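Chains A and B, in that order, are what the protein sequence lines are. The opening position of the first sequence corresponds to residue 1 in UniProt numbering, with each subsequent residue numbered one higher. The opening position of the second sequence corresponds to residue 1 in UniProt numbering, with each subsequent residue numbered one higher.
Be aware that a few hints might be false.
Claimed, not checked - Straight-line C-alpha distance at most 30 Å; calculated DSSO-like pairs for lysine-lysine: (1) B/K51 x A/K51; (2) B/K51 x A/K121; (3) A/K51 x B/K14; (4) A/K14 x B/K51; (5) A/K14 x A/K51; (6) B/K121 x B/K14; (7) B/K14 x B/K51.
Derived by calculation from the structure, the hints in this document are not laboratory data. Being a predicted model, the structure only gives us computed values, none of them experimental.
Chain residues, written in single-letter form:
Protein chains: 2
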Amino acid sequence: MARWDPGAEQRLRKAALELYAEHGYDAVTVNQIAERAGLTRRSYFRYFPDKREVLFAGADRLPAAVTEAVVAVAPDVRPWPALLEAAATVGEMLVELAEDTAVRRAVIDASPELQERERTKFASVTAALRDGLEARGVPAEDAELVAQVGAAVFQNAFSRWIDGGGQRTFRSCLDSVVASLGRQLDD
Amino acid sequence: MARWDPGAEQRLRKAALELYAEHGYDAVTVNQIAERAGLTRRSYFRYFPDKREVLFAGADRLPAAVTEAVVAVAPDVRPWPALLEAAATVGEMLVELAEDTAVRRAVIDASPELQERERTKFASVTAALRDGLEARGVPAEDAELVAQVGAAVFQNAFSRWIDGGGQRTFRSCLDSVVASLGRQLDD
């Protein structure tokens, strides 16, 4: 690491998102991102390995946080409500940290490469939910199923939160997705 | 296309799966696959664009079949039971065609590149379920949620079918996953 520059990573993320939204992901280079952030190409690579990961900062820490949130729910709570409680905790944390989520989603939706990366991230969250459920003693087969359904509910809640312009709480989005699911499955 | 060789594609798929299982996906070349199938490298590329797609033959036709199956369910059936009926239809068809599914799954589980491809396929099936539901008049938000949960149920049913060594019908695997899900979500 060179000189201490507390805002550098954040500036790079902001610059990258702006450029991707303006020109499309494929057309933008690392040099352009670094330049807009007032940094060198070399500085860029101190923070991110390539032009893709700048959009997924923190994604490597997410699975551990998810598993931890599932394990932290009181032990007498049954798997599904425990998973929803953990999803609410993680979701509230994510929307606190999230910036420009609607722009980020539009950039990702326009690029097959980024969609693939987003699916990898989603799969790691699903696996983390499953691991958390297994740590609570849920049998493997049920843990897998509940984790997948929980991940789908989580993803839909996050979409509704973005669609609502971030004005609703994450928990209320999650509650409305769970209510929709209940209505659909009871039919 | 050169001379008519009705078994060529099937021999290539079998040879590829055997070699991947023996040596690992990364270590095997197209030349080795062609050789084991008694064909040339050039013949190989008449059937598959690369060494990965030989494991995903027919995957490009799957989404249309899935959407069609959802649309084909009687119009008065509600979204969730309609989706399950379509899943049973598609699943029974897939397990008829499937060969060496347990070996294939083991090969895929051992390779991040193949897992990524499998996730792309899974995402296309989820989108196809959603399209089918929307064609039935289900609002977009509900269609997305029900499709994702349905895809998870489908995937778990397929896993149980493989775990059972193909001895159970796909429909009975699907029924048991749906029953598990009902028990978990009612808690």
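The hints, checked one at a time:
1. Annotation: proposed proximity of B/K51 to A/K51 holds, straight-line Cα distance about 27 Å (limit 30 Å).
2. About 25 Å separates the Cα atoms of B/K51 and A/K121, which keeps this hinted pair within 30 Å; it holds.
3. Proposed proximity of A/K51 and B/K14 is contradicted: the alpha carbons are some 38 Å apart, above 30 Å.
4. Distance restraint check for A/K14 and B/K51: the Cα-Cα separation of roughly 38 Å exceeds the 30 Å cut-off, and the hinted pair is therefore not satisfied.
5. A hinted pair counts as satisfied when its Cα atoms are at most 30 Å apart, and A/K14 with A/K51 qualifies at roughly 13 Å.
6. The hinted pair formed by B/K121 and B/K14 meets the criterion: a straight-line CA distance of about 20 Å does not exceed 30 Å.
7. Proximity of B/K14 to B/K51 is assessed by CA-CA distance (about 13 Å); at most 30 Å being required, the pair is judged to hold.
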